[in-house]
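So the protein sequences, as listed, match chains R and D. Just so we're aligned, residue 5 is where the first sequence starts under my numbering, counting upward by one. Just so we're aligned, residue 6 is where the second sequence starts under my numbering, counting upward by one.
The set of hints was computed from the structure by calculation and includes no laboratory data. Mixed in with the good hints, there may be bad ones.
[Unchecked claim] Each computed SDA-like pair below joins lysine to any residue, with the alpha-carbon atoms no more than 25 angstroms apart:
{"hint": "1", "chain 1": "R", "residue 1": "Lys74", "chain 2": "D", "residue 2": "Arg154"}
{"hint": "2", "chain 1": "R", "residue 1": "Lys74", "chain 2": "D", "residue 2": "His150"}
{"hint": "3", "chain 1": "D", "residue 1": "Lys127", "chain 2": "D", "residue 2": "Val184"}
{"hint": "4", "chain 1": "D", "residue 1": "Lys743", "chain 2": "R", "residue 2": "Gly58"}
{"hint": "5", "chain 1": "R", "residue 1": "Lys132", "chain 2": "D", "residue 2": "Asp658"}
{"hint": "6", "chain 1": "D", "residue 1": "Lys292", "chain 2": "D", "residue 2": "Phe265"}
{"hint": "7", "chain 1": "R", "residue 1": "Lys132", "chain 2": "D", "residue 2": "Ile750"}
{"hint": "8", "chain 1": "R", "residue 1": "Lys74", "chain 2": "D", "residue 2": "Ala753"}
{"hint": "9", "chain 1": "R", "residue 1": "Lys132", "chain 2": "D", "residue 2": "Ala753"}
{"hint": "10", "chain 1": "D", "residue 1": "Lys679", "chain 2": "D", "residue 2": "Pro782"}
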Amino acid sequence: MAAPKLLNEIRKRGPSFAFLALMAGFAVACATGGASRPSQEVRPLRISEVAGEGDPTRRASTRLVINGLKSSPPEQGLFDYERAIQIDATNPYAYLALAAYEIQWGDLEQGVQSLEQSELLLESEGLKSPRVEPHLIGLRGRAMLRSYDDVERSVGESWLDEARRMAPEVWGDGWLGVAELR
Amino acid sequence: MTVKGEGLAKARTRKTSTRRNTASSKKKSTRRRRSSRKGLPQWLRFLVLGLALVAFGGGFVAASYVVRLDRVVVAKFAGKPFRVPSRVFSAPTIVYPGLDQQLVDLRGTLERLGYRESSDTKNLAPGRFVWSSGRVRVHLRAFEHPTRREPARDVVFRLRGNIIEEIREFPGGREVGAVQIEPEQIGAYYGPNREQRDLVTLDDVPDHLIDAILAVEDQRFQSHPGIDMRRIGGAMLANLRAGRVAQGGSTLTQQLVKNFFLTPERTMKRKVQEAVMALLVEVRYDKAAILTAYLNEIYFGQRGSTAIHGVGEATRLYFGKKPRELQVEESALLAAIIQSPNGLSPHRGSERALKRRNLVLELMHEQGRIDAATLERGRAIGLQLASVSPDPGDARYFLDLLRRQLAEGYDSEVLTTEGLRIYSTLDRRLQRIAANALRGGIEHLEKRYPKLKRDDPTKAVQGCLVAMRPQTGELLALVGGRSYGVSQFDRCTQARRPTGSVFKPFVYIAALEQVRGRPAITLADFLDDSPLEISTSQGAWRPENYDHKFNGRVHVREAIERSLNVATARLANDIGIARVADVARRLGIQGKLPLVPSLSLGTADVPPIEIARAYATIASGGVRPETQTIEDLVDASGQTLERRRLHFERVLDPGTAFLATSLLQGVVDRGTAKGVRATGLKGPIAAKTGTTDSERDLWFVGFTPELVAVVWIGFDEPESVGVPSSVGALPIWRKFIKEATGGRIRGAFMRPKDVESVEIEPATGARALPGCPTHRPEYFLTGTAPEQTCPDRTERRRRNREDTERGFMKWLRRNF
Numbered sequence: 005m006a007a008p009k010l011l012n013e014i015r016k017r018g019p020s021f022a023f024l025a026l027m028a029g030f031a032v033a034c035a036t037g038g039a040s041r042p043s044q045e046v047r048p049l050r051i052s053e054v055a056g057e058g059d060p061t062r063r064a065s066t067r068l069v070i071n072g073l074k075s076s077p078p079e080q081g082l083f084d085y086e087r088a089i090q091i092d093a094t095n096p097y098a099y100l101a102l103a104a105y106e107i108q109w110g111d112l113e114q115g116v117q118s119l120e121q122s123e124l125l126l127e128s129e130g131l132k133s134p135r136v137e138p139h140l141i142g143l144r145g146r147a148m149l150r151s152y153d154d155v156e157r158s159v160g161e162s163w164l165d166e167a168r169r170m171a172p173e174v175w176g177d178g179w180l181g182v183a184e185l186r
Numbered sequence: 006m007t008v009k010g011e012g013l014a015k016a017r018t019r020k021t022s023t024r025r026n027t028a029s030s031k032k033k034s035t036r037r038r039r040s041s042r043k044g045l046p047q048w049l050r051f052l053v054l055g056l057a058l059v060a061f062g063g064g065f066v067a068a069s070y071v072v073r074l075d076r077v078v079v080a081k082f083a084g085k086p087f088r089v090p091s092r093v094f095s096a097p098t099i100v101y102p103g104l105d106q107q108l109v110d111l112r113g114t115l116e117r118l119g120y121r122e123s124s125d126t127k128n129l130a131p132g133r134f135v136w137s138s139g140r141v142r143v144h145l146r147a148f149e150h151p152t153r154r155e156p157a158r159d160v161v162f163r164l165r166g167n168i169i170e171e172i173r174e175f176p177g178g179r180e181v182g183a184v185q186i187e188p189e190q191i192g193a194y195y196g197p198n199r200e201q202r203d204l205v206t207l208d209d210v211p212d213h214l215i216d217a218i219l220a221v222e223d224q225r226f227q228s229h230p231g232i233d234m235r236r237i238g239g240a241m242l243a244n245l246r247a248g249r250v251a252q253g254g255s256t257l258t259q260q261l262v263k264n265f266f267l268t269p270e271r272t273m274k275r276k277v278q279e280a281v282m283a284l285l286v287e288v289r290y291d292k293a294a295i296l297t298a299y300l301n302e303i304y305f306g307q308r309g310s311t312a313i314h315g316v317g318e319a320t321r322l323y324f325g326k327k328p329r330e331l332q333v334e335e336s337a338l339l340a341a342i343i344q345s346p347n348g349l350s351p352h353r354g355s356e357r358a359l360k361r362r363n364l365v366l367e368l369m370h371e372q373g374r375i376d377a378a379t380l381e382r383g384r385a386i387g388l389q390l391a392s393v394s395p396d397p398g399d400a401r402y403f404l405d406l407l408r409r410q411l412a413e414g415y416d417s418e419v420l421t422t423e424g425l426r427i428y429s430t431l432d433r434r435l436q437r438i439a440a441n442a443l444r445g446g447i448e449h450l451e452k453r454y455p456k457l458k459r460d461d462p463t464k465a466v467q468g469c470l471v472a473m474r475p476q477t478g479e480l481l482a483l484v485g486g487r488s489y490g491v492s493q494f495d496r497c498t499q500a501r502r503p504t505g506s507v508f509k510p511f512v513y514i515a516a517l518e519q520v521r522g523r524p525a526i527t528l529a530d531f532l533d534d535s536p537l538e539i540s541t542s543q544g545a546w547r548p549e550n551y552d553h554k555f556n557g558r559v560h561v562r563e564a565i566e567r568s569l570n571v572a573t574a575r576l577a578n579d580i581g582i583a584r585v586a587d588v589a590r591r592l593g594i595q596g597k598l599p600l601v602p603s604l605s606l607g608t609a610d611v612p613p614i615e616i617a618r619a620y621a622t623i624a625s626g627g628v629r630p631e632t633q634t635i636e637d638l639v640d641a642s643g644q645t646l647e648r649r650r651l652h653f654e655r656v657l658d659p660g661t662a663f664l665a666t667s668l669l670q671g672v673v674d675r676g677t678a679k680g681v682r683a684t685g686l687k688g689p690i691a692a693k694t695g696t697t698d699s700e701r702d703l704w705f706v707g708f709t710p711e712l713v714a715v716v717w718i719g720f721d722e723p724e725s726v727g728v729p730s731s732v733g734a735l736p737i738w739r740k741f742i743k744e745a746t747g748g749r750i751r752g753a754f755m756r757p758k759d760v761e762s763v764e765i766e767p768a769t770g771a772r773a774l775p776g777c778p779t780h781r782p783e784y785f786l787t788g789t790a791p792e793q794t795c796p797d798r799t800e801r802r803r804r805n806r807e808d809t810e811r812g813f814m815k816w817l818r819r820n821f
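Taking the hints into account, I'd like the entire structure generated from these sequences.
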C-alpha cells in the first residue's frame, strides 16, 4: 500500500488502525528474520586523501602518518605514527595506522585499543564515513581471527567477510597492506 | 751435501768444541776462586756478599714493583677504562608549516643544541643557521635516533609573523612536511667523580685534531718509548733558565698515565712511577690504543660541577658539534686548552685562548702538519663558540624519577659507567614553562600573603606541577618543588596528600555510569544539599560545605561547579563508596583508598602524578594511558635495550567520560575554576579545584583535549596556606597552560555517538518541548533523557495511550 493511501486509511479508521498496521509491519519484519541489509560496496579510504584536511597541526601529523606508511621496512613506520601522535594526539588516522601496524605484528590487544581510539576520534570529529568502515571492521576481524577462542574466531571471520564485501579490492585477500591504507 | 746438511754438520762441530772449552774454563775458574779466597780479607768478602744480597733484594723489590704496576696498567686497559655516564635526552622537536615558531622556541632550541648563527649564506655548514626577517635557514645536523638515522638537512623556514608558512629544502626548494630537530640532552647520570665524556674512536676524529694535539703536547709521540729524554732535557733547561717550573716534559703517554692512575701531586716518587708506567703502557699497547685512550681521557675543564673529559664531549661543549665536523682552527683551540683547561677556557677569556690557539697553529705549520695557507686562514678566524646550555636544573626532578624507575632494571653502576642513551618523553619547552610558572606563582603568593613567607627555605611553601599528554600518558613536564637545590623531594611523585575536591569527579562518574542499563543520575537531576549525618565506626560524620551553608535542592551541575561537599557526600553514600573507589582505581589511582564515607570528599592521600593520570583518562574519553617517561633506551653501541610502546586501556565508556568532561567544563565556565578564563584563555578546558581542610593542600587539575596538568601547593609539614585553591593553585595552572598553548587551545572534547543533546527545563530537569518557557541543552547517554516534559505532557500522553487501547479493544470486539 502506498504511503498516502495508508495515511488516508489511518485518518478514516482512527488510531486503532495505525496500531494494527504497525503490528503487521512488525510481524513481517519478524518473519523475514530481520535480515541485515546487504552491505554497500564502498571505495575504502586512503589516508593520503585526507592529508590536506584539518588545521596545520593535523595536516602535519597526517603527513607523518603517510610517511610512516611509506616506510620500508614497515616497522620503521612506527616511529612516524608515534611522532604523528606526539604533535596531534587527537588524530584518528594516526591511531588507525598504529592499529593496523599492531594487529599486523600480533599485538592484538593493543591494536584493538588503538582501533577503538581511532573510531572514537573519528566519531567525535564527524569523520566516521562509510569509506573508513571497511578498515575498522576488517582490522577488528583480523585481530579476532588470531584469538584462541573458537567463537571469537568465527565472529572475526564474519567481520572480515563484511569488510571483504564492502571493499573487495582492498580487503579481498583479508589483509590491509600499508600501501592500501596510504 | 745440501745447504741444510752443511749447516747441521757445522753446528755439531761447534757443540763438541764448546763442550771441550767449558771443561777447561771450569778448571780455570775453580783455580781462580781458590786463589781469590786466599787473597781477599774476610770483611771484604762479607761486604761483597752483602752488596750482592742488597742488589739482589733491590732488584727483587724493583721487579715486584714493576710487576705490580704492570698489573695495574693491564687491569685498567683490559677492563672498562672509562666511566661514561648515561645521558638523558628530551623528546625531539618537530617543526611543521602552520606552527608558531615560538611554540617550539625555535631559536632557543637551536642555540641550546649548539647551533651557531651565521651570516654566510653561501656555505652554511651543518649546525649553523641564518635568521633574517621572514626567513630562517637552518642546516640541521644529522643525528642518530634509536629508531632511525636522521640525515643532515639544509632547510628554509618561511615565516609570516611567527607562523612558519612553509619549509623547503635548500637548494632545490622541495617542500617538506615536517622536520625533526635532534633531542636536547637534559642531564646525565654521573658516577662519584661527575665526569662527563662522549667516547670516540680514531676514526671519529679528524687528522688535524690529532696533529694539533701532537704538535703542542708531544711531537715525537710516534717515536718515543713512553718517555721523551730530549723533551725532558729541554724542559729542565727551560725551567733552570726561568728559575721555576715553566715547561713540562711529559709525553702523551705520561699524561695519560697521570690521569688514569696517579694523583696530581708533584713528587719525585710520583714522577718515577709515572715514567715506569708510561714505559709499561708503551710495551703493552700500540700507539693507536694509547692515543685513543688519551683522546677520551684528557681533561677539558669544568662545566658547573661536571668535569669534561675527552675530545668528544669537549667538541660538543665548545662547538656544539661532533669531532668529525671540526675545522682546523677549532682543533687547534682544543689542543691549546689542554695545558690549562680552566685557565685557558675560551668561555672565560678569549684573548689568552686565542693567543695559544694561534701558537698551536704555528707549531703545526713549523712541524709541517699544515701548510702556510691553512695557517693564515686559521689565524684570521676569531673564536666561534657554541652557546653553552645552562645546567638543566629544571629537569632534575624528572631525572630523579627516571633514575628511580630505571633502578628497577639497571644497576646504578651500569647507569653511571656504561654510557646508555635514554630518550625521554620530556618536552623541554613545557618543562621550562612549568618551572617558571610554579616558582613565579609561589613567589607571587608569598608577596601577596607575607605571612606565608618563611626564613628557612626548607620550611617554605612548596608546590609541584606535572603535565601529561592524556592520550598517550607521556610525561611532558615535571617540577617536583620550587627549588631542587633546597629540596630534592619530589612532591609530584613522592608526596601523598589528601586530594580534597579534585576527587569529587570520581563520585559523579560512578553515579553517571550505567549499571544494569541505568545510571544513578543524569545531568538533569537534582541532588540534596541539606544537612547530612552518616554513622561510621568512629562516630557520626557530618560533612559541611566550604562556606558552612546548606543549599537544599541543587542541580547536579551546580553541585560540582560550586564543589558542594554535602550533596556530593550524599550522592556517594547513595551509590555506595565502594563504587566510587572502584572508579578511582580504574581511572588510575593506585594507592590505598579507605572505604569510608569521607573518601568522596578526597580524604585519601594520593600523589599528584596519579591524579594527573586519572584525569588524563577522563580527557581521553575513558581510555587510561600508562604513564610514559622513556621512549627508547639504547646502550653505548646503539643497541636498543628498551623500546616504549604506547599502551592504553579502556576503563570507562566514552559516553560517561564525556559527561564528566562536560561537568568539569562547567566548573571552568561558571564554577570555582572560572578564574581560568580571567586572562582571556579561550577554548575547551575542563578543570576542578581542590582545597583540603584548613586550606592545607591546594590542588588544581585541568585539561584541554591535548594536555592535562596538575598543580599542588602546600607546606611539606602540613599547615594552613590560608587561601583557597582558586587563589593559590589556579593562577599557576593558568599561566602554564596559557604559555604552553600560546593561548590557543586546539581540538575539542570527544563526544561519542551514544551521547545525545536534549533541551531541558533547568528548573525541573524536564525535557523541554516547544512552549516551555526556559530551556537549555543538556547531554545524556542515549535513552536516559528525562521522560517528564515541559509543558507536562506526560498526563496527556497517558490519557491518549489509554484511549488508543480502549479504541483498539472496541474495534476488536466489533470486528471479530
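The hints, checked one at a time:
no. : hint                    : verdict
1   : Lys74(R) <-> Arg154(D)  : 16 angstroms, holds
2   : Lys74(R) <-> His150(D)  : 19 angstroms, holds
3   : Lys127(D) <-> Val184(D) : 22 angstroms, holds
4   : Lys743(D) <-> Gly58(R)  : 23 angstroms, holds
5   : Lys132(R) <-> Asp658(D) : 18 angstroms, holds
6   : Lys292(D) <-> Phe265(D) : 16 angstroms, holds
7   : Lys132(R) <-> Ile750(D) : 24 angstroms, holds
8   : Lys74(R) <-> Ala753(D)  : 30 angstroms, violated
9   : Lys132(R) <-> Ala753(D) : 16 angstroms, holds
10  : Lys679(D) <-> Pro782(D) : 20 angstroms, holds
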